[in-house]
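Asks: Order-wise, the sequence lines are chains A and B.
According to the working numbering, the first sequence holds residues 1 to 224 in order.
According to the working numbering, the second sequence holds residues 1 to 224 in order.
Wrong hints could be hidden among the right ones.
One copy or two, it doesn't matter: identical chains are merged, so the pair holds either way.
Said to hold, decoys possible - Each computed DSSO-like pair below joins lysine-lysine, with the alpha-carbon atoms no more than 27 angstroms apart:
1. K138 x K184
2. K67 x K40
3. K58 x K203
4. K58 x K184
5. K182 x K16
6. K184 x K203
7. K67 x K16
In case anyone wonders, no lab produced these hints; they're calculated from the structure.
Only a predicted model underlies this, so the values are computations on that prediction, with no experimental measurement involved.
Number of protein chains: 2
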Amino acid sequence: MMMVRKSKGLGERHQKILDFVLTYQRENRYPPSIREIGEKTGITSTSVVNYYLDQLEKMGKIERDRKISRGVRISGASASIDTLRIPILGPIAAGPFMLVPDPGINYMNDKEYDAVDVARSLLPSKEKGDGLYALEVKGDSMIDAMVNDGDIVVMKPAIEARNGEMVAVRVNDEYTLKYFYKEKDRYRLQPANPTMEPIILKKSEQPEINGKVVMVIRRLDRAS
Amino acid sequence: MMMVRKSKGLGERHQKILDFVLTYQRENRYPPSIREIGEKTGITSTSVVNYYLDQLEKMGKIERDRKISRGVRISGASASIDTLRIPILGPIAAGPFMLVPDPGINYMNDKEYDAVDVARSLLPSKEKGDGLYALEVKGDSMIDAMVNDGDIVVMKPAIEARNGEMVAVRVNDEYTLKYFYKEKDRYRLQPANPTMEPIILKKSEQPEINGKVVMVIRRLDRAS
DNA sequence: CTTGACACAGAACAGGCGTTCGAGTATCAT
DNA sequence: ATGATACTCGAACGCCTGTTCTGTGTCAAG
């Protein structure tokens, strides 16, 4: 049989080990031993696990403290147990904004992008957080959505929404954040600011939904 | 010499061990061994460390996986490495709101309160996060501060502020959130919403500051 | 065909590490 | 005094664990 890959990138076993270490760490709050990795990964020899661990370390995917039991850790802040690193794909103003990220990326990657760390407990428990992305609001164009300059909005990819959810929609060639309501024969896009009037769309002109707003984060301290 | 305490509460060594385990975990991403705890805590015998670990476990402060090396972990979500648990002291509307919490509490406590977990990376790096507390906004009374019903505002105790910081102030027997500016002969309290007019106070009537706003968190998903 | 890099297994070694036990000291209520 | 309780120490036992070494099979290059 063929071993599929030779020397470049992550093989199936690399990935399996990486995944297992992360999962184990999340569940037990301490890293697995070499033997535990082997058992759960279908590797019968500790030396082989060690072999892969060495490679993963050279690739920079993990860090090891030799001689120390369970001295393995996933590199990068993205490896956190109870925090989710959400990439900031770019600024958002009134203009069009960047679309969904490459779904191929996962938390293993350590690319050079800005990101926010969000506690998992702040997200819905069922939310795996896979496709989540964030945008940084520039300018005052979203004040009617109660979103300020500098705010960070966390989005979840979606092309449709249920009533009451806040979505990013395109209306008149502009992107805005509005609460979405589908009513009997119309769509109602309600601003977050209760003093403002909703936008009403006829049934025939269904708005283009670009994502649901999961969360808005405003940091006030940076200026100090 | 006397040993100070007998059987009740946390002794000096309990606390020392707890602190060390937490620090070690934070630095190394894996828990310390019994011997390491002993060395750094000034306990020469592993059995003594084990002795205290047993007690801490009975108290519910830690959890142990016996027989597993480094199988110690601090109990509770508050023990997170990179997340800070901030207690929600109560709702805030237009009325007066609860004041600073008992400064004696620390992250070790597992009291029954609502709380939000905030990634440390979202806070200023120097912020230890000791006195931070959070309030849940009820009602629309703060829309001019760009804060909505249901939002969570994270506060830091303060009785004075620097220019540009957002503070909770009492004006005319009402609490509001405003950007604070001390100008040459007056105080200017600027709403976050740029379309709204500031409140001007004479030099003589310095506003009562109840805390700085560190962060605002809005979750949109719960309704779904 | 030989050679060597690569992927893997298994066994053995040595030190790490949790556990247990025997024993000593100090404080306090009886 | 006396025993009970809390606390401390040191050493030894034995499993846990990382490391290392030998060996096997595959595959591509020379």
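Asks: Taking the hints in turn, state whether each one holds.
Replies: Hints, verified against the model:
no., hint, result
1, K138 x K184, "neither (35 angstroms within a copy, 30 angstroms between copies)"
2, K67 x K40, "both (22 angstroms within a copy, 19 angstroms between copies)"
3, K58 x K203, "neither (57 angstroms within a copy, 63 angstroms between copies)"
4, K58 x K184, "neither (60 angstroms within a copy, 59 angstroms between copies)"
5, K182 x K16, "neither (44 angstroms within a copy, 58 angstroms between copies)"
6, K184 x K203, "within (8 angstroms within a copy, 56 angstroms between copies)"
7, K67 x K16, "both (23 angstroms within a copy, 26 angstroms between copies)"
The structure fails to meet hints 1, 3, 4, 5 from the earlier list, while all remaining hints are met.
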